[in-house]
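Visitor: So you can see what is in the structure, the chains are spelled out below.
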Amino acid sequence: EAGVTQFPSHSVIEKGQTVTLRCDPISGHDNLYWYRRVMGKEIKFLLHFVKESKQDESGMPNNRFLAERTGGTYSTLKVQPAELEDSGVYFCASSQGTQKSDEQFFGPGTRLTVL
Amino acid sequence: LAKTTQPISMDSYEGQEVNITCSHNNIATNDYITWYQQFPSQGPRFIIQGYKTKVTNEVASLFIPADRKSSTLSLPRVSLSDTAVYYCLTITGGGNKLTFGTGTQLKVEL
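Those sequence lines, one after another, are chains A and B. With this note's numbering applied, the first sequence covers 1 to 115. With this note's numbering applied, the second sequence covers 1001 to 1110.
Take the hints with a grain of salt, since some may be wrong.
As the list claims (entries may be wrong) - The following residues of chain A were derived to be distant from chain B, with all beta-carbon distances above 10 Å:
(1) Gly16
(2) Gln17
(3) Thr20
(4) Ile43
(5) Ser53
(6) Asp56
(7) Asn62
(8) Gly71
(9) Gln96
(10) Leu115
As the list claims (entries may be wrong) - Restraint ranges, calculated between C-beta atoms of paired labels, are given here:
(11) Val38(A) / Thr1072(B): 37 to 47 Å
(12) Asn1019(B) / Gln17(A): 40 to 50 Å
(13) Thr1053(B) / Lys78(A): 25 to 35 Å
(14) Arg1077(B) / Pro61(A): 33 to 43 Å
(15) Gly71(A) / Lys1097(B): 26 to 36 Å
Stated by the list, open to error - Sample of chain B residues with no beta-carbon within 12 Å of chain A, all distances over it, derived:
(16) Asp1031
(17) Ala1066
(18) Lys1097
Just so you know, the hints here were simulated from the structure itself, not pulled from any lab data. Ideal Cβ placement from N, Cα and C applies to all residues, glycine included.
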């Protein structure tokens, strides 16, 4: 069974540009989460989808970040325009259960560098 | 703002028992405490989960005191391959907010 995949693995962009990150969850997992780890800090929750609906987007830092999950399958996280402080590793995770504390399966992450 | 804190790093030798504690004094009352392991260039991977007292599986044990304001991950006999970052994950803020601990870098040597 394929795990959670993320694309790209690395992205280097300039301040002001736009970047779109993609996450493909494990097939059949209704729950999809986005997290990010900024250099030297802990992993922070960004948002949670249940199927195509945003269940909780309280962790989204500002309106430069837009997440979508059309059709309830893969998800995209777009940063527009990117700022220097957006650099970090963005993780996606999926789970089958209905509770936030249920086991989550993480992708390898996308390392974003904003210059 | 209460944080979920862990020691930054720990060193151990092969064959020893390692205990990593996470302090989560703002934990929600009804949710599980989960621990994850992360290797470089990979996402976190589930190790163990518990609600209270003690839970044991094939790789680790998890000890949770009655007040649930902390939890301790116990790795019984570590090997070199256990070198990784270990995170606790809790639900805080009244049952709504997913919160990772600050992470503990475990280094196991021969």
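Visitor: Quick one: work out the minimum CB distance from Ser53(A) to chain B and report holds if it exceeds 10 Å, violated otherwise.
Guide: holds, 16 Å
Visitor: Does the no-contact call for Gln96(A) survive, Cβ to all of chain B over 10 Å?
Guide: holds, 12 Å
Visitor: Checking a non-interface call: every C-beta of chain A should be farther than 12 Å from the C-beta of Ala1066(B). Is that right?
Guide: holds, 19 Å
Visitor: Confirm or reject the claim that Arg1077(B) and Pro61(A) have a C-beta distance inside 33 to 43 Å.
Guide: At roughly 41 Å between Cβ atoms, Pro61(A) and Arg1077(B) fall inside 33 to 43 Å, so the hint holds.
Visitor: Given the hint of 37 to 47 Å, check if Val38(A) and Thr1072(B) actually sit that far apart at their C-beta atoms.
Guide: For Thr1072(B) against Val38(A), whose Cβ atoms are near 27 Å apart, the range 37 to 47 Å is violated.
Visitor: Run the C-beta distances from Asp56(A) to all of chain B and say if the shortest one exceeds 10 Å.
Guide: Asp56(A) is in fact no farther than 10 Å from some Cβ atom of chain B, at 7 Å.
Visitor: Say whether it holds or is violated: Thr20(A) keeps its Cβ farther than 10 Å from all Cβ of chain B.
Guide: About 19 Å separates Thr20(A) from the closest Cβ of chain B, which puts it past 10 Å; holds.
Visitor: Kindly confirm whether 40 to 50 Å is satisfied by the beta carbon distance between Asn1019(B) and Gln17(A).
Guide: Given about 45 Å between the Cβ atoms, the range holds.
Visitor: Does the hinted range 26 to 36 Å hold for Gly71(A) and Lys1097(B) at CB?
Guide: Because 28 Å falls inside the window, the suggested range holds.
Visitor: Measuring Cβ to Cβ, find out whether Lys1097(B) lies farther than 12 Å from everything in chain A.
Guide: Non-interface label fails for Lys1097(B): nearest chain A Cβ at 7 Å, not farther than 12 Å.
Visitor: Is the Cβ of Leu115(A) more than 10 Å away from each Cβ in chain B?
Guide: Per Cβ check, Leu115(A) is outside 10 Å of chain B; nearest 21 Å; holds.
Visitor: Is the Cβ of Asn62(A) farther than 10 Å from every Cβ of chain B?
Guide: Non-interface label stands for Asn62(A): nearest chain B Cβ at 18 Å, farther than 10 Å.
Hint compliance for this structure: hints 4, 6, 11, 13, 16 and 18 are broken, all remaining hints hold.
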